[in-house]
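**Student:** One letter stands for each residue in the lines below.
Number of protein chains: 2
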Amino acid sequence: MAWQRQETLGVSPLREILGRLAPYREAVDAEIVRLVTEPSRSVASLYGMMRYHLGWADRGLQPTEARAGKRLRPILCLLTCEATSGRYDRALPAASAVELLHNFSLIHDDIEDQDAERHGRSTVWSIWGVAQGINTGDAMFALARIALHALFTRPDVPGERAVTVLRRFDETTLALCQGQYLDLAFEAREDVDVDDYLEMIWGKTSALLAFATEAGAQLGGATDEQIALYRRFGESLGLAFQMIDDELGVWGDTRVTGKPVGADRFQRKKSLPVVHALCALSGSSADELRRLYGAEQPLSDEQVGRVIALLEESGAQEFVRRLADRAQAQAMQALVQAAPQGKAGQLLRELATALLGRQY
Amino acid sequence: MAWQRQETLGVSPLREILGRLAPYREAVDAEIVRLVTEPSRSVASLYGMMRYHLGWADRGLQPTEARAGKRLRPILCLLTCEATSGRYDRALPAASAVELLHNFSLIHDDIEDQDAERHGRSTVWSIWGVAQGINTGDAMFALARIALHALFTRPDVPGERAVTVLRRFDETTLALCQGQYLDLAFEAREDVDVDDYLEMIWGKTSALLAFATEAGAQLGGATDEQIALYRRFGESLGLAFQMIDDELGVWGDTRVTGKPVGADRFQRKKSLPVVHALCALSGSSADELRRLYGAEQPLSDEQVGRVIALLEESGAQEFVRRLADRAQAQAMQALVQAAPQGKAGQLLRELATALLGRQY
Numbered sequence: 041m042a043w044q045r046q047e048t049l050g051v052s053p054l055r056e057i058l059g060r061l062a063p064y065r066e067a068v069d070a071e072i073v074r075l076v077t078e079p080s081r082s083v084a085s086l087y088g089m090m091r092y093h094l095g096w097a098d099r100g101l102q103p104t105e106a107r108a109g110k111r112l113r114p115i116l117c118l119l120t121c122e123a124t125s126g127r128y129d130r131a132l133p134a135a136s137a138v139e140l141l142h143n144f145s146l147i148h149d150d151i152e153d154q155d156a157e158r159h160g161r162s163t164v165w166s167i168w169g170v171a172q173g174i175n176t177g178d179a180m181f182a183l184a185r186i187a188l189h190a191l192f193t194r195p196d197v198p199g200e201r202a203v204t205v206l207r208r209f210d211e212t213t214l215a216l217c218q219g220q221y222l223d224l225a226f227e228a229r230e231d232v233d234v235d236d237y238l239e240m241i242w243g244k245t246s247a248l249l250a251f252a253t254e255a256g257a258q259l260g261g262a263t264d265e266q267i268a269l270y271r272r273f274g275e276s277l278g279l280a281f282q283m284i285d286d287e288l289g290v291w292g293d294t295r296v297t298g299k300p301v302g303a304d305r306f307q308r309k310k311s312l313p314v315v316h317a318l319c320a321l322s323g324s325s326a327d328e329l330r331r332l333y334g335a336e337q338p339l340s341d342e343q344v345g346r347v348i349a350l351l352e353e354s355g356a357q358e359f360v361r362r363l364a365d366r367a368q369a370q371a372m373q374a375l376v377q378a379a380p381q382g383k384a385g386q387l388l389r390e391l392a393t394a395l396l397g398r399q400y
Numbered sequence: 041m042a043w044q045r046q047e048t049l050g051v052s053p054l055r056e057i058l059g060r061l062a063p064y065r066e067a068v069d070a071e072i073v074r075l076v077t078e079p080s081r082s083v084a085s086l087y088g089m090m091r092y093h094l095g096w097a098d099r100g101l102q103p104t105e106a107r108a109g110k111r112l113r114p115i116l117c118l119l120t121c122e123a124t125s126g127r128y129d130r131a132l133p134a135a136s137a138v139e140l141l142h143n144f145s146l147i148h149d150d151i152e153d154q155d156a157e158r159h160g161r162s163t164v165w166s167i168w169g170v171a172q173g174i175n176t177g178d179a180m181f182a183l184a185r186i187a188l189h190a191l192f193t194r195p196d197v198p199g200e201r202a203v204t205v206l207r208r209f210d211e212t213t214l215a216l217c218q219g220q221y222l223d224l225a226f227e228a229r230e231d232v233d234v235d236d237y238l239e240m241i242w243g244k245t246s247a248l249l250a251f252a253t254e255a256g257a258q259l260g261g262a263t264d265e266q267i268a269l270y271r272r273f274g275e276s277l278g279l280a281f282q283m284i285d286d287e288l289g290v291w292g293d294t295r296v297t298g299k300p301v302g303a304d305r306f307q308r309k310k311s312l313p314v315v316h317a318l319c320a321l322s323g324s325s326a327d328e329l330r331r332l333y334g335a336e337q338p339l340s341d342e343q344v345g346r347v348i349a350l351l352e353e354s355g356a357q358e359f360v361r362r363l364a365d366r367a368q369a370q371a372m373q374a375l376v377q378a379a380p381q382g383k384a385g386q387l388l389r390e391l392a393t394a395l396l397g398r399q400y
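Same order as they appear, the protein sequences are chains D and F. Numbering follows the working numbering, with no gaps: position 330 of the first sequence is 370. Numbering follows the working numbering, with no gaps: position 32 of the second sequence is 72.
By construction, these hints were calculated from the structure, which means they are not laboratory data. Since the structure is predicted, the reported quantities are computational estimates derived from the model, not experimental observations. Just so you know, even glycine gets a beta-carbon here, dropped at the ideal spot from N, CA and C. Each hint should be verified, as a subset may be incorrect.
In silico contact screen, one side only, chain F against chain D (beta carbon under 7 angstroms); selected entries [as the list claims (entries may be wrong)]:
hint : residue
1    : His-148
2    : Glu-152
3    : Ala-171
4    : Ile-174
5    : Asp-178
6    : Ala-182
7    : Phe-192
8    : Asp-210
9    : Thr-213
10   : Gln-218
11   : Tyr-221
One chain only, chain D, in its complex shape:
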């Protein structure tokens, strides 16, 4: 959600740089469009549901000009490849796989969290039912893998690098499922600590960003040391990004609307401010937060205000900012050490700064 939030707030260094990144986004989308085109008329609706989710079809499955995603993950992959090799095109299969995997996980997350809307549009399952929703996600998962096989047809990609990218991709998909498992399991747990939280967001957010930059460097022909640095860059970027997202989830819209984003999920999900507060508070404050947070009913505006007051009492906002700053510093340090070259290197630095500077 946070990818959009900045616009709501009227701040737009991210939007500005995204404008300059349009050629990369278009190159990824051209590759993805090809993949989500039905091989026969009989399965047109399956591919139509995938295109709907990606923002290219309306609920009648007709082509539409609806806003598509920002494609930040695949763009990071392409920029990393160009910053190490001077060209981005050989990373297109990996970039497409990253975006399809991300969207597969959104389709399934929406079912798992029973979210009927995403960015103001009805989710796949809420239109076509849970059964087709699950299967549409599965098909996109399969397509993500199929996207990668184009690597083997490129003369500029050595076979062993392509094989490594496939293996790392598959390990990433498993990390994603492990992160999702923890996220769901934490909903029912009261004893989640910061280490648990970090393990969860590592799988849910960092692993895919780490793969995006690692694969870009791998396909750019980088050295092992550079590849490891780009991986660390993506990984720390993901951690910082998720923490800032969590902060914005509580205090972002509050600054505009006086109400936190999605009070309902804020109630169930173990975001970093809540994890911190549940650990840091004691006595009657801890009991009150636990009671409010565990309530079956949606919270009233007044109760939401109490939750935020308790989070602030625990020093959650400063805590989250400190951790996010540390992850951000690690990301930028790894990027500097990786020494990205040329125009793409410059864009990579700017994009990372804009992403992390959505703050707070």
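Since the structure of chain D is provided, determine the placement of chain F on it from the hints.
**Tutor:** Using the frame of chain D, we list chain F on its own:
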């Protein structure tokens, strides 16, 4: 379900040959056990749910001696490899991937069909909820791919053959999703004809069996012609198998209990006898079948009797048997032409005969 059915009927050439195939089953299971072992304690329950589904853990996630599956798909893969090369071990990664993919699809099918039980055991989602059920299936899907990477560590598997197997596997996963899409879509359609049905079961059943035998031959170092023959064998075996399964679904247990298996799904699902009858019948018989088949409420015993009478009036049983016999003949013909060698070749012929001879 049909894999079990024969035992219920007390006929056991399949069970007899399965006894002799135990070493292959054990080799596959050893590989799969390694894959479904948690990398850290924090995700133990995720792997526990996968082991539960595979029959190796109870609902408390403790190890159990519960009956595991027959592993027919991976065994076909191993036998094909041995029948072309004299050894089966190099096909173990592909065989494990086949079994994990099959089980991923069962975990998700159970949610999509809202089946609370499978073979008398509670399904994953019915114990741990839809959200964890979806994610557990996703994790098994990821593990299926990870299983294949072991091919690249084997000196007896040329890299290009390993790459081909990975690509064909990914194409198979997409075919599976397309078949599942059709199966779900057909529930709401009255105009499904035999060609539609064949396309659906090709994706749901044949594609994975075709991959199993194709990959076995590919990894056994077979020629392109042999690989194509083994693929055709697996494909036709899958078609015949599914048709016999559909026949048994209506008349199998009826011969023992007087009642068809699972009258409820028999009501929703477009199995071959029903597809034939809906096309072949006209006038009041067609109307009556359509009404009974489309009923919202579970059918009474009397109504089930009427459905079967109408299927018989349409000549559905003879029709299904004729189509199954044709697919069976094609499977056996392809197998003979492929000329499988040695003890494994003999087992392959016997297993195919036993599978198809569950009949009718």
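**Student:** Are the hints correct? Go through all of them and say.
**Tutor:** Results for each hint:
1. The interface hint given for His-148 of chain F is met, as the beta carbon of that residue sits about 5 angstroms from the closest beta carbon of chain D, less than 7 angstroms.
2. At its closest, the beta carbon of Glu-152 of chain F sits 4 angstroms from a beta carbon of chain D; the interface hint therefore holds under the 7 angstroms criterion.
3. Satisfaction of the interface hint for Ala-171 of chain F is found here, the shortest Cβ-Cβ separation to chain D being roughly 4 angstroms, below the 7 angstroms cut-off.
4. Taken as an interface hint, Ile-174 of chain F checks out: its beta carbon lies about 5 angstroms from the nearest beta carbon of chain D, inside 7 angstroms.
5. Look at Asp-178 of chain F: its Cβ gets to within about 5 angstroms of chain D, closer than 7 angstroms, so that hint holds up.
6. Interface restraint check: Ala-182 of chain F against chain D, minimum CB-CB distance 4 angstroms, threshold 7 angstroms, status holds.
7. Restraint check, Phe-192 of chain F versus chain D: the minimum CB separation of about 6 angstroms is within 7 angstroms; hint holds.
8. Because the closest C-beta pair between Asp-210 of chain F and chain D is about 4 angstroms apart, less than 7 angstroms, the hint holds.
9. With a least beta-carbon distance of about 4 angstroms to chain D, the hint placing Thr-213 of chain F at the interface is held under the 7 angstroms criterion.
10. Taken as an interface hint, Gln-218 of chain F checks out: its beta carbon lies about 5 angstroms from the nearest beta carbon of chain D, inside 7 angstroms.
11. About 4 angstroms separates the beta-carbon of Tyr-221 of chain F from the nearest beta-carbon of chain D, less than 7 angstroms, and the hint is met.
In summary, this structure violates none of the numbered hints.
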